[in-house]
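Engineer: Using the sequences and the accompanying hints, generate a full structural model.
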Amino acid sequence: MTTLDAAAASSATPSATTPVAPAPARRRRRSVEGRPRIAVAFTALFFVVLYLPIVVVVLFSFNSRKSLSSFESFSTRWYVQFFNDDALLSSLRASLVISGVAMVGSLILGTMLALALERVSSRPSRILGTTALVPLVTPEIVTGVAALLLFTGLGIKLSLMTVIIAEITFSISYVAVIVRGRLSAMSDDVEEAARDLGCTPFQAVRLVILPAILPALVASGLLVFALVFDDFVLAFFTTGVDPQPLPVRIYSQIRLSISPAINAVGTCMMLVSILLIAFSLVVPRLFGRRDSGLDLISGG
Amino acid sequence: MTHPASGTPVPDDVAIRLVGLTKRFGGTTVVDHLDLDIRKGEFFSLLGPSGCGKTTTLRMIAGFSDATEGSVVLGGTDVTSVPPHKRNVNTVFQSYALFEHLDVAGNVGFGLRRKGLDKAEIARRVTEMLELVELGARSKSKPRELSGGQKQRVALARALVNRPEVLLLDEPLAALDLKLRRQMQVELKNIQREVGITFVFVTHDQDEALTMSDRVAIMNSGVIEQCGTPEDVYERPRTAFAAGFIGTSNLMTGTYSGGELTLAPGITVPLPGHPDLVDGSTTSIAVRPEKIWMYEFEPAMVRIAGTVVATVYHGATTQYLVDVAPDVRVTVLEQNLVRSRNEDRWADGDSIELGWQPDHAVVIH
Amino acid sequence: MAASTRDTDVEPTRTRRSASHTRLWGWLLLPPAAWMMAFFVSSIIIVVLLSFGHVGPTGRPVFGASGANYAALWNETYLSVFLRSVVYASLTVLLCLLIGYPVAYTIALHGGRYKNALVAALVIPFFASYLIRMYAWSTLLSDEGLVNQALRWFGLSEGVRFLNTPGAVVAGLTYGFVIFMVLPVYASLERMDLALIEAGKDLYHGPLRTFFAVTLPATRAGVLGGVLLVLLPALGDFVSAQLLGGPSTFMIGNLIQQQFFESQNQPLGSALTVVLMIALLVFMVFYLRSTDRQRRES
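Residue numbers (the numbering used here), protein chains in the order written: chain A, 1 to 300; chain C, 301 to 665; chain V, 666 to 963.
Worth flagging that the hints you see were computed from the coordinates, not collected in a lab.
Across the chosen pairs, the derived CB separations fall in these ranges:
no. : chain 1 : residue 1 : chain 2 : residue 2 : range
1   : V       : Glu809    : A       : Thr130    : 42 to 52 Å
2   : C       : Asp366    : A       : Val241    : 51 to 61 Å
3   : V       : Arg958    : A       : Phe279    : 33 to 43 Å
4   : C       : Arg444    : V       : Leu763    : 33 to 43 Å
5   : C       : Arg444    : A       : Phe202    : 18 to 28 Å
6   : A       : Val97     : V       : Val706    : 20 to 30 Å
7   : A       : Ser184    : V       : Val706    : 18 to 28 Å
8   : V       : Trp739    : A       : Asp242    : 36 to 46 Å
Glycine is no exception: its CB is placed at the ideal position from the N, C-alpha and C atoms.
Structural biologist: Here's what the structure looks like:
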């Protein structure tokens with residue numbers, strides 16, 4: 001944290017009342033330094049607490065004993081157990097399928113939505129489009145209950161398909177918001193320039209707009225995959241009996257008995273999502289942009 | 301102003317003909333029955349304040365905006381309902397609108413690839429065009445690595461490489477700083493001479509329009525106020541707007557009678573050489589500040605009396621504000637050729653005489 | 666200069682494009698709009714309709730037009746759960762603000778060139794499964810868990826009962842949703858003109874007074890956004906109360922879950938969901954009005 005201290009000190013500029021002379025400036029700097037130190041310590045503590053449960057899960061996934069509170073020695077027995085558990089493996093496969101299909105589906109629909117919202121000006125279609133963003137501010141339990149009732153009401157048997165539909169519905173808004181952010185940062189002229197240089201409207205989308213928003217597409221695709229892969233609430237309400245998505249399977253196991261095998265599964269799950277998110281954060285840089293994926297995510 | 305009658309055949313030397321071109325948004329008329337001929341190989345400027353309809357006119361020529369009424373004739377063919385990608389015009393956008401995912405060569409070759417030219421030909425023409433805009437060394441750079449001036453050149457090259465009938469430029473220099481802008485003005489003019497393509501240049505900057513154009517159309521409120529060579533529109537403004545928008549002009553309005561303009565009871569300005577003016581009609585004249593003399597008058601000059609109310613020293617010039625009648629204040633610009641001779645300075649309140657050549661007073665219609 | 670400028674500066678963007686162009690984008694809107702209508706809007710309507718229904722003789726939910734479900738909710742058991750949910754969610758918002766604001770402030774103003782890395786470090790664990798992280802807390806906070814072991818080791822306590830307490834549930838919610846406070850506050854701090862703080866130091870003397878007179882008002886939009894973003898999921902959550910609490914700390918989300926998976930009373934569960942939605946709508950309207958007011962003031 002010493003580097004952060006240095007950065008904090010250097011950013012503490014003397015106030016305008018101080019005469020610009022070396023000696024008083026140094027005195028003032030020290031007095032300002034005190035405050036960031038508390039703040040920095042607080043922030044450091046915050047990050048420790050933030051990562052504590054993750055570290056504990058990873059650590060105990062390698063514990064040779066069944067205990068979750070005392071670490072004996074390094075072992076991979078829980079991973080071996082996980083990869084020999086057919087039920088868990090089929091859940092893992094189910095979750096990967098759900099995430100993959102939901103990612104593709106919501107990318108297609110979400111990008112269409114973003115393009116339309118950015119360009120269409122008629123009032124009814126704007127209202128229609130804004131409705132599509134409501135899931136973002138709807139708690140998952142509401143969306144989950146609603147989806148469950150819709151499927152049972154229509155007599156649709158709950159299955160992987162119903163989970164996928166619910167997850168797509170929920171993810172379209174994410175994709176739309178991220179892609180739209182990228183689109184609105186792009187000048188309208190770019191599309192007209194493409195038309196000017198001989199593109200039909202569809203060619204302009206394919207050759208100019210889609211390449212321009214590709215980083216946003218990749219980032220939101222990764223984001224959606226991670227969100228869906230981890231999602232418990234929606235899956236819990238919309239899944240059938242077999243195979244259950246991984247989070248639902250874990251939930252029922254946690255409620256039955258706490259087993260260190262959960263730590264191994266949890267470590268794998270977190271590894272998948274953390275890699276995906278970390279990757280989505282650096283995606284714009286891979287495309288040679290100076291901004292980071294953070295703008296994409298925190299902007300929404 | 302050109303008023304080509306619709307239906308008559310378009311002469312060979314006309315690149316663009318606008319016939320009654322009109323654009324309305326809701327109830328607002330942005331472009332109002334525009335008639336205009338732009339000749340082949342001409343550097344033509346549409347000059348006007350923001351909101352005058354010049355950009356909308358350009359967009360209708362490019363095909364980005366549908367005309368409400370009237371037509372656009374391009375090289376003898378009516379293209380009013382032809383989509384932009386099928387019109388043989390190209391545009392340089394104010395924002396450059398470069399394709400960020402392509403490098404410089406990719407941007408410049410974009411239009412040629414759309415036309416389906418073979419690779420060798422595209423490469424040859426792209427290289428040639430990049431040489432012309434002096435960017436030969438940057439062909440592999442991405443747009444974000446370029447400076448504003450370089451982006452501008454890429455945008456220009458990307459449009460010119462297609463050898464369009466007409467190149468449309470929408471305030472292409474507005475985003476550049478003053479020094480770069482001056483430099484690009486000269487280069488743009490040179491490039492236009494070299495390639496010989498018709499340029500239609502939209503700007504709100506009168507300097508830019510005057511220094512670069514073969515002809516200028518001054519637009520205001522959706523209509524063309526005056527169209528002519530830079531000298532025409534500067535020296536002989538036809539309307540009060542044209543006189544005021546290009547440079548500064550002293551507008552004096554009064555009643556014409558027998559070779560004199562009566563500004564106020566007892567105050568007259570000689571206005572010889574206008575037999576066409578009717579006695580008793582209200583007439584305005586415009587005189588440029590630098591055309592008004594304050595001493596060493598020549599015999600042919602008309603003269604009026606006035607009172608100095610303010611003196612502003614500008615270095616190379618000095619600006620005097622002189623009241624010639626109640627509510628008629630005239631600006632006079634004097635070159636400071638004899639500045640060191642203090643006796644030539646007038647103080648506020650001094651009664652002086654102003655004079656100008658009769659043909660420097662332009663009658664405004 | 667007689668340059669008359671009209672306010673139609675450029676073509677209004679709404680009408681800029683040619684009609685055929687807009688139609689093209691209109692077609693693009695159709696599939697996602699149809700999807701949202703079919704699977705989202707309609708499903709919400711079903712929830713509202715079913716909340717007026719009842720369970721039929723075969724155990725299947727039947728639509729109806731009776732307020733019986735809502736009347737059934739009007740008793741001490743349910744009301745105390747509603748009240749508890751609101752209290753827990755409000756405490757969560759408060760804690761998120763008290764913890765999240767200083768963190769956002771430190772990163773934004775003193776993060777230096779590590780700013781982006783720190784925000785990334787903040788975002789990444791948020792995407793690690795919420796369920797797993799809640800599960801981790803339940804093992805950490807258990808009677809024999811690491812936290813109690815640490816307390817004993819330091820001789821601070823003979824063991825504290827964390828699980829099944831309101832504190833654990835609120836802590837879990839705070840842990841889960843604090844990022845929703847940090848990000849908007851961080852964004853508004855980033856947008857803020859830092860010269861304001863310097864100027865404030867001259868005017869108000871003392872960092873604390875400057876903070877309350879200058880910094881906090883300038884980041885009001887971020888704080889309001891954060892409050893809403895934390896409140897929405899916190900009020901509807903049931904995982905934290907399930908894993909860290911017990912029946913005595915159940916929230917409205919747990920009741921809904923029970924109605925659907927244990928009691929099999931979907932109409933009553935729907936009524937509970939509608940109550941939750943109404944509560945959230947109230948907060949949402951309050952939020953929109955306060956941001957509206959702020960926009961008008963500035």
